[in-house]
Every structure is written in structure tokens, then in C-alpha cells.
Amino acid sequence: MSALLEIEDLNVTFNTRYGAVTALDSVSLHVNAGETLGVVGESGCGKSITALSVMGLIPSPPGRIAGGSIRLNGEELTTASPARMRAIRGAEAAMIFQEPMTSLNPVFTVGAQIAEAIMLHQKVGADQAMRAAVALLDRVGIPSPDARARDYPHQLSGGMRQRVMIAMAVSCRPKMLIADEPTTALDVTVQAQIFDLLNEIQRDFGAAIVLITHDMGAIAEMADRVAVMYAGRVIEGATADDVLDHPQHPYARGLIDCIPNIAKGDAALREIPGVVPPLHLLGAGCAFAARCAHANNRCHTEKPKLAAHGHHPAACHAVQEGRI
Amino acid sequence: MTASFFIRRIAYGLLLMLGVVILNFLLIRLAPGDPAVVIAGEMGGIDAQMLAAIRADYGLDKPLPTQLWIYLSNVVQGNLGESFFFNQPVATLISARIGPTILLVLTAQVLSIVIGMFLGVIAARKPNGPLSGFVSVFATIGYAVPVFWTGIMLVILFASVFPIFPVEGMRSVRLRDAGPIAQFFDVAHHLVLPAFTLAIIYLAQYARLSRASMMDVLGSDYIRTARAKGATEQSVLFKHALRNAALPILTVAGLQFGNLISGALLVETVFNWPGMGRLAFDSILRRNYPTVLGVLFFAAAMVVAANILTDLSYRWADPRLRGRE
Numbered sequence: 042m043s044a045l046l047e048i049e050d051l052n053v054t055f056n057t058r059y060g061a062v063t064a065l066d067s068v069s070l071h072v073n074a075g076e077t078l079g080v081v082g083e084s085g086c087g088k089s090i091t092a093l094s095v096m097g098l099i100p101s102p103p104g105r106i107a108g109g110s111i112r113l114n115g116e117e118l119t120t121a122s123p124a125r126m127r128a129i130r131g132a133e134a135a136m137i138f139q140e141p142m143t144s145l146n147p148v149f150t151v152g153a154q155i156a157e158a159i160m161l162h163q164k165v166g167a168d169q170a171m172r173a174a175v176a177l178l179d180r181v182g183i184p185s186p187d188a189r190a191r192d193y194p195h196q197l198s199g200g201m202r203q204r205v206m207i208a209m210a211v212s213c214r215p216k217m218l219i220a221d222e223p224t225t226a227l228d229v230t231v232q233a234q235i236f237d238l239l240n241e242i243q244r245d246f247g248a249a250i251v252l253i254t255h256d257m258g259a260i261a262e263m264a265d266r267v268a269v270m271y272a273g274r275v276i277e278g279a280t281a282d283d284v285l286d287h288p289q290h291p292y293a294r295g296l297i298d299c300i301p302n303i304a305k306g307d308a309a310l311r312e313i314p315g316v317v318p319p320l321h322l323l324g325a326g327c328a329f330a331a332r333c334a335h336a337n338n339r340c341h342t343e344k345p346k347l348a349a350h351g352h353h354p355a356a357c358h359a360v361q362e363g364r365i
Numbered sequence: 083m084t085a086s087f088f089i090r091r092i093a094y095g096l097l098l099m100l101g102v103v104i105l106n107f108l109l110i111r112l113a114p115g116d117p118a119v120v121i122a123g124e125m126g127g128i129d130a131q132m133l134a135a136i137r138a139d140y141g142l143d144k145p146l147p148t149q150l151w152i153y154l155s156n157v158v159q160g161n162l163g164e165s166f167f168f169n170q171p172v173a174t175l176i177s178a179r180i181g182p183t184i185l186l187v188l189t190a191q192v193l194s195i196v197i198g199m200f201l202g203v204i205a206a207r208k209p210n211g212p213l214s215g216f217v218s219v220f221a222t223i224g225y226a227v228p229v230f231w232t233g234i235m236l237v238i239l240f241a242s243v244f245p246i247f248p249v250e251g252m253r254s255v256r257l258r259d260a261g262p263i264a265q266f267f268d269v270a271h272h273l274v275l276p277a278f279t280l281a282i283i284y285l286a287q288y289a290r291l292s293r294a295s296m297m298d299v300l301g302s303d304y305i306r307t308a309r310a311k312g313a314t315e316q317s318v319l320f321k322h323a324l325r326n327a328a329l330p331i332l333t334v335a336g337l338q339f340g341n342l343i344s345g346a347l348l349v350e351t352v353f354n355w356p357g358m359g360r361l362a363f364d365s366i367l368r369r370n371y372p373t374v375l376g377v378l379f380f381a382a383a384m385v386v387a388a389n390i391l392t393d394l395s396y397r398w399a400d401p402r403l404r405g406r407e
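Protein chains in written order, with the numbering used here: chain H, 42 to 365; chain V, 83 to 407.
The set of hints was computed from the structure by calculation and includes no laboratory data.
Treat the hints with care, as some may be off.
Said to hold, decoys possible - Simulated restraints, written as ranges between beta carbons of each label pair: (1) V/Ile238 - H/Ser101: 42 to 50 Å; (2) V/Ala399 - H/Ala188: 20 to 28 Å; (3) V/Arg325 - H/Met126: 21 to 29 Å; (4) H/Met126 - V/Val243: 46 to 54 Å; (5) V/Ile92 - H/Pro100: 45 to 53 Å; (6) H/Val229 - V/Ala399: 32 to 40 Å.
Everything numeric in this text was worked out from a predicted model, so none of it was measured.
Note that beta-carbon positions come from the ideal geometry of N, C-alpha and C, so glycine has one too.
Excised from the complex, chain V in its bound form (with noise of 0.2 Å):
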């Protein structure tokens, strides 16, 4: 039952994917701009007839709808296309780097979602009390603070200040020999700054909802039943509460992973973090289809394979789903 369930999401999942990838081409065909002038820009000047030869070339004088069936066909065959800048495939140019962006992702949301419920299960259990307050303060500022400014705050303050965490990069440049554990620490220490960064928004959220779900579920009456056993404080907030109240969480959680990876390339590019941000920035600004496509791809995917795991951590959670469509 969970099998067939599993095969026929991960079926939408691959329907959704077709219909990004249709809808990424033709948008980013009526924006503005030429990428065969951009290309030509590039090379140094350029008249009529080698623009024209550019465009043959690069297949853009065919019309739009084969174009798309091109490209289509290509991606479905693995063949993300060429980037103009590079002359490199793009599925190279993305492999080296979608890793960092899968990392730093991966973390900001383990951070946010361990760190929020925390907070909001403390929280709750005095919701008059000063850390209750401390926790609505924290959630309204995270809430209000755009990602980029909390980033520069952040490495002002660690740059100049407390110089504690690296604020720049993945890896020290003096470690790069060195063994497997020294590394993983490496990265991680270089890790700290853009995942809270990136968390701050995220772990603000949560911590208030879960606020708001826990005081919620703690007032129901099986809450009432489990201290009527005898059950302790903490095994009536962790184990019999929290389980009912991560429900709206992990709904909220998957909703928010396409925001967590826009977030992502934003972060990157403050701490010059090598994941897919900056390749996706620069290939905006070079009109470079081929790139941006790609990382529009990957970005998709990563939002429908989180919500496929949403969905199924959901049915885990709650017995109420299982057997349900």
C-alpha cells in the first residue's frame, strides 16, 4: 500500500518535473534580452552575419517550439546543454557544485526545525512566562530580517569582531591534504555562518508555530489521559505531545524547502559559499540559458524530492494517513 502509494507520487513527481521544465524554457524565452548579442558581446564586436551564424550555431534561429523539443529531448537523454560562458556541459558545471548547496541546505534545515521546535516546546510549557516572550521577540526580528542582511550582520561580526568562524569559503586552503576528519571539521566550521544564516528565517517560523501547535495539543485531552497514567513532564511534552504537534511542522517544513534553496543563493553568494548560487547568479547575468535552466532543473528537483519525503514522513507521523490518498 505505502509502495504503490510511493511509485505513484514519485510518478506526479516526474509529471511536475516535465511541466517545470516547459514552463522554465518558455519563461525565460520572453524575458528580455539575446543571448546571441550577449555571446557576441563577449567575443569583442561583431557584425550582422556572425550574429546570424551564432544563432545557427546555437540552434536559436529554429522556431520556438522546436527548440523546446530539443531541449526536451536532450534533458530527458541527460544532456542539459552547453553553457556559453564556460564551454562546459552543464550537468558538469552543476555537478561540481550542487554538493555545497545540498550541504548547506540540508543543514539549514536540521538547524531550524530542531533548534525551532525546541524553542517552541520550552515555550509553551509557560506561555506567560520571559523565555515564551523571548521566544515571539526572536520569531518577529527572524521573521522580519531579510537573509542578505542577517548574512553581512554576520560577518561583520565574525570577520572584525569575534573572528571565531570562517566567513568566507568551504575549505581553509592549508588543509586541503590533510585526513578525512580533519576535513569534515574544516568544512563544518566553515559550515556555521551561512546555515544560520540561512536558518535564522526558518528557525524563527518554526519556533512560533510550534509554540502555537504545542499549547495547543498540550490542552487536548489525551495530554490529560498520559499525566492521568503517571506519565513524567518530560515524557508528556516530548513524547506524547511534541509527536502531535511536529504534524504542522513538517507540513510547513516541506512548503518552505523551494524558499530554503532561493534562500540558499543568496546565502552563497554573501559567504562566497561554491554551490549552485553563484553559477546561478553569474549565468543570469550572462543571459546564459543553458545554465540557468539547469539550476532551475536541479532546484525543482530538490523541491519535489523533499516533498515526496514531506509526504511520507507525514504518513509516518500520523497513523491517520496510512491507507489514505
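Pulled out of the complex, with its shape left as it was, chain H reads as follows (with noise of 0.2 Å):
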């Protein structure tokens, strides 16, 4: 069986003021039917940017797929028309976003945003969305669903807010739900009802989650597997436990090491030294060579590909040549 969701050397590139940058390179990924991929890496890695493309949200200009294939369901959306891609998106595939506070329209209920696409995608009339979008408010979790309908959204607080994308991302049962760090802005306790919501809901509606973060605990609440990005990269990837339990990469190492751990009586936070390079000065090398402690001259030379060596996959010739 082939999977849900298959991305596959896929290329975007962005026109900027230092011409145009590659902004996801050879990027492959697939997602089953059902599971949850984490996808994690620091600010600016190409995470979202990955969403995007599935979505057919890249800002175009100046975004633009260079290259390569997504496939949902085995239909091939990089070439889709648009007005196929509105079909899409919403229906089957949907997506919840980073930023609750500002991703609902200040000037609508969020009854009736979330009525209106129920009433995209199905032949529905007005007041039978609205109380389906009454409905999924009681489903994700939000006391006096009715009022809570007719209200805007600046009257809700962060982690209402994010139920109510949540249940809008949900309403017309999508196969495949995209969460973009849909925690990053709302506070811990709200953090962990909202990944116990998720999972709850793909437990009832069967889809399947890709979940964007750059939170490690996340991931091993959530993910079923795991692909670790660098620089626009996949640079490792495995099932959740092995990542974690045995990072391959330097800088999936990196991450791990970075989780704070009371147990081992930590002092102070760890870190990767280093950032991230902007996009449009990477080299021919490893894009993680200046900030690695086991690069050498290979590293910074030529690229490293994401190869099966040793316990799973990962895109690094320290690891391939066996010296870490």
C-alpha cells in the first residue's frame, strides 16, 4: 500500500534581494494513512515551508516549486489547478496554524467561519453548517458551544482560539491534518490539552497528523516517526523512539542533548552553538559542517545524502564513515 501523503525531491525556491534561494532542497517525506510525523528543526529549516507546498499556500511570487512531486492519495498536487487545489484544501487536507491569536478573522464569528467551510466543501445550507460548527465546538472541547458560536474572536482567549482552528481544520473530516507548532504561542497546561485534543481527534476521525515543531517533548508525546530538518534538508530520519533514543546526526544529537533533563541535575540550558546559515550563503558542503564539532574537509565540500547506515537513516559523513 502506498502511502498517504509522498513528498518527493521536492524543490521550492524563493526570488529574493540575493536572487533566488533554495528554500527546501530534495526534500522526501511520506505519511500513512493514520500515523503522525513529527517533523522538527530549528526557525527558518524549511518546516512550514514543507506545509505550505502541500498545501499550495506558497506566497507566489516570490515562492515557487522548482522541482519535484507531492502526492496526496496518490494525486499529484504540484501540478493540480487551482481550482482543484481549493477542492483540496480544507477537505482533504487541512492545516492549523502557529499563531491562534491572529489566524481567525477578527471581523467573523467563529461560528460562522467555521460554517463556511463546512458549506465550501458540502452541499450544506446555512443553518445546517452553523450547527454542525456548534457541533465540533462541543467536540474540541469548548464549554457553552452555542454562545461560544456567536461570538468574535477576540473574545476568546489563545487556547480557545486554537480549539476553534482545530475545529475548523476538522469539519470536513480531512485525511490529513497539518499542525504547524500549534502550541508555540499559548501557555504549558494549555499546550498539553491541545496535544491531547489532537490526539483524541485523530483517534475518532483517523487522520493523519504532521506535526511541525521544534518541541522534542512534543515528539515523544506524539509522533509515530520522526524526520529531523536542516537548512531546507531532511538530514535524518526514523520511527520517534529510535531518533530519540538514538540520535544519528550531529545535530539530531544536538537537539536531544538539548532537552533540559532534571533527573541528571542540569544547571543550565544546553545549546547548539551557532545558527542557523542564511539560506543564500550555503555553500557546496554539509550546511551543519561550521557548527559541527566532527566536520573536516569532506564535510565542507560535498553534500551528504540521507542513506541508511548503521541504526537508521541520516545525512551525514561522519555518521557514513563511521567516526561518530
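Bring the two chains, given one by one in their own frames, into a single complex with the hints.
Laid out in C-alpha cells, this is it:
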């Protein structure tokens, strides 16, 4: 059986004042029906761009899918017509965004915004859509959903708004749900509630989830499999347990080392030295080489490929050469 | 809640009107020129005794605070005084002319908002496209050109080159006995040039403003959400974005209403539109204080009413403002 979502050698470029920069470089991922894929990496590594590519929402210009393929249920999306993409968005693939505070339209009631999503894809009247919206608000754990449906976004808290976003995203029972850092803007107790809700939704609706995050705790709790991204490339991919317990790539090891561990008695928070290089300054070698303790000449001149070696696939010369 | 807000706004409006009346009254007395001398001039030569008689007749010999008090108590009772020149009550003079002025001002306001916003939205879709460039150039020119010049150019163009629109007056004499529908189209036909002349500055301004406002809104997260749920481009632009982008335009349109009225006075003079503009112009030249004050009173009332309407429409358009002061 083929995967629900297959991304193969996806290249996305952006025209900037530095010329065309490569935001995604040969990204390949797949998501099976009903599973959760965690995509982790620092800000600017291409996680969100990957998600937006699937939704056909890359701002264009300046962005452009320069090559590769995205298949949802076997249907090629990179060449789909705008009308077909509109039919897919919200119905077959839906997305939850990072900023619940600004992701809802301030001048419409939340009920109307959910009902709109329903009416865009199902032949139902306004009354019926509104009743469905209220039922969804109830389903995502919003108390007195009848009254809340008539509220405007500014009358709800951040956590409530994210629940509204989730209700909107699942309103047409999509098979594919992309959650782009759904809890970044929320406080910790609310984060846990939202993850619980996503787990429930997945169980009830049978949706596959792509969870984009830089929170390894969220990965541990949610993900079946993990893809680690760095500077527009997937550098490591395996089951969540494998990546968490046996990270291969030095960057993945760094990320895992950064998880604070009270049991070990860590005094200070650890970090990976340096920052992600600006995309227009990427050279011929491994993008992580400048920050890597194991880098040698080859790392600075030749891009490592994502290849199975040892425990699971990682794009690293040092791993593949057995140096670490 | 909205009712109490409405009542409070009307109370503020009345207070503002009182201030405007007092200020107008005092300002006009500070201006050089003596109405008694002008009236005497109309009568054709005069001596000092008659001048004093005229002053006594019109109450101009009383101290200024007394004059102000008499004027205010008359205004409160709906009496705006008598015109020296026409020998008619000012209220009668104005009520015969305010209808055409309101028609002209409202038409220009609607034209400028609707066309301006439409151009702005279209331009914002492709900020680097040719239409966007056209809107910018058109807006700069439209904003820079004085309204009386635009009016005169349009008169020349449509009087001699393409005589398709009437350039003078509000009705055709030969249609004076026609049915209401024919009269309606006749007035609308006469309205085209003056309304466009008056609208063009504001149209240009609203086009620029809505272009900027739309570009700002189109980059926001909730527009991405609308696209992510599969909304059509048309719905994204005209439903999700425009309602938000219209908020600053509402504000500016409300503030500009006063300028629109003063612009209307000029346009009426150019197109011989039978409104308050001509009356104001002539009254100022004749030092006809009661009429000038009356025109200013009605202009101020229109601005105050427009501001109240702006406040209400703002609260309708932006739910975040409801239930706040």
C-alpha cells in the first residue's frame, strides 16, 4: 500500500534580493494513513515551507516549486489546477497554524468561520452548517458551544482560539491534518490540552497528522515517526523512538541534548552553538558543517546524502564513515 | 448598550454644534467690514443718521454678548434670522437649497468610496502590476489637481468636445412637466459631472488608502487561514480582506466629509448647481451675516451627523469596538 502523502525530491526556491535561494532542497517525506509524522528543526529550516507546499499556499511570487512531486492519495498536487487545489484544501488536507491569536478573521464570529469551511466543501445550507459548527465546538471541548459560536475571536482566549482552529480544520474530516507549531503561542498547561485533543481527534477521525514543531517533548508524546530538517533538507528520518533514543546526525544529537533533564541535575540549559546559516550563503558542503564538532574537509565540500547507515538513515559523512 | 452610546454621541454632537455656532458668530464679527454700510450701499447712498437707524433696526448697536445671546436663543427656537439682501428668513433660503447640496455631496461620497475601494482592491492583488501603477499615478494626479480646475476642464470637454453630459444646472427646463421617472434620470444626468468633479480627489485618496490597507491585510494570518480552508480568491478578497481593509477608509471618509462639503461649495459655483454653495459665496461678498451663519450652521450639522454615522458604521464593521467607548 502506498503512503497517504508522498513528497519526493521537492525543491522550493524564493526570489530574494540575494537572487533565487533554495528554501527546500530535495525534500522527501511520506506519511501513512492515520499516523503522526513529527517534523522538527530550528526556525527557518523549511518545516513550514514544506507544509505550505502541500497545501499549495507558498506565496508566489516570490516562492516557487522548482521541482519534485507531492502526491496526496496518489494525486499529484504540484501540477493540480487552482480550482482542484481549492477543493482539496480544507476537505482532504487541512492545516492548523502557529498563531491562534491572528489566524482567525476578527470581523466574523467563530461559528460563521467554521460554518464557512463546511459550506465550501459540502452541499449544506447555512443553518445546517452552523449546527455542525456548534457540534464541532462541543467536540473540541469548548464549553457552552452555542453561545461561543456567536462570539468573535477577540472574545476568546488563545487556547480557545486554537481549539476553534482545530474544529475548523477537522470540519470536513480531512485525511491529512498539518499542524504547524500548534502550541508555540500557548502556555504550557494549554499546550498539553491541545496535544491531548489532537490525539483524540486523530483516534476519532482517523486523520494522519504532520506535526511541525521544535519541541522534542511534543514529538515524544505525539509522533510515530520523525523527520529532522536542517537548512531546507531532511537530515535524519526514522521512528520517533529511534531518533529520540539513538540520534545519528550531530544536529539531531544536539537537539536531543538540548532537552532539559532534571533527573541529570542539569544546571544550565544546553544549546547548539551558532545559528542556521542564511539560505543564500549555503555552500557546496553540509549546511551544518560550520557548527559541527565532527566536520572534516569532505563535510565542507560535499553535501551528504540521506542514506541508511547503522541504526537508521542520516545525512552525515561522519556517521556514514563511522567516525561518530 | 449601543442605544446609550448613540444617545451620548448625539448629546456630544449638540454640544459641538453650540460651540460651532458661538465660534462662527464671534469669528464673523472679527472680520473687517460693517453690514450696515453694505445695506446702506444697496439702498443707494446714506447719511450718518440713517446708518444709525439701520444699526438699531438690525440690533447691531447692542453690545456683542447681547447680540450673541439674542442670536443663540433664536437659533434654539429654529429661527436663523432674516437675510438682509433677500428679505426672507434664512431658514427658508437654505431649505430651498440644501437638498441639491446633500444630493451632490452624498453622491460624490458614495462614488469616491465605491470606486476608490474597488480600484484599491484590484491594485492590491498585483502590487507590481500595471493596474497598480495606474492607480498610483491616477491617485497622485487626482490628489494634486484642484477641484475647480478639474471642474472647468470637464466643462470644456463636455460642453464643446463631447456634448454628452449637461454642464450647468440640475434640471432641463423642457422636462419640468415630465413624470417622476424622467425627472429622476434628468437629475442623475445633470449630476454626473459635478459629482465626479467633487469625487475625484477623494476617489484618488481612497484608492491609495485601500491599496495600502488591502496589501497589509492580505499578508495577515487570517487570510492564509481563509485560503487554507479552500475559499475562492474572490471570497478572500471581497469578503475576508475587504471588510478588514475598509476600517481605515471608513475613518478617513468620515473625517473628509467636512472637506467634501467645502469642495461642494466650489463645485456648485462652477456647475451652477442650485445648492448652498452659491448662496454662501454671494452672502460672504454681501456681508450677509445671518445667511453666512445659517449656511455654516447647516454645514456643521451635516459634518456632525456624518461623524455620528461614521462612529456607528465603524462599530458595525469592527466587532472589537462594540461594547467599548
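Checked hints:
1. V/Ile238 - H/Ser101: 42 to 50 Å: 47 Å, holds
2. V/Ala399 - H/Ala188: 20 to 28 Å: 23 Å, holds
3. V/Arg325 - H/Met126: 21 to 29 Å: 24 Å, holds
4. H/Met126 - V/Val243: 46 to 54 Å: The hint (46 to 54 Å, Cβ to Cβ) holds, given that H/Met126 and V/Val243 are roughly 50 Å apart.
5. V/Ile92 - H/Pro100: 45 to 53 Å: At roughly 47 Å between Cβ atoms, H/Pro100 and V/Ile92 fall inside 45 to 53 Å, so the hint holds.
6. H/Val229 - V/Ala399: 32 to 40 Å: 37 Å, holds
The structure fails none of the hints (numbered hints given earlier).
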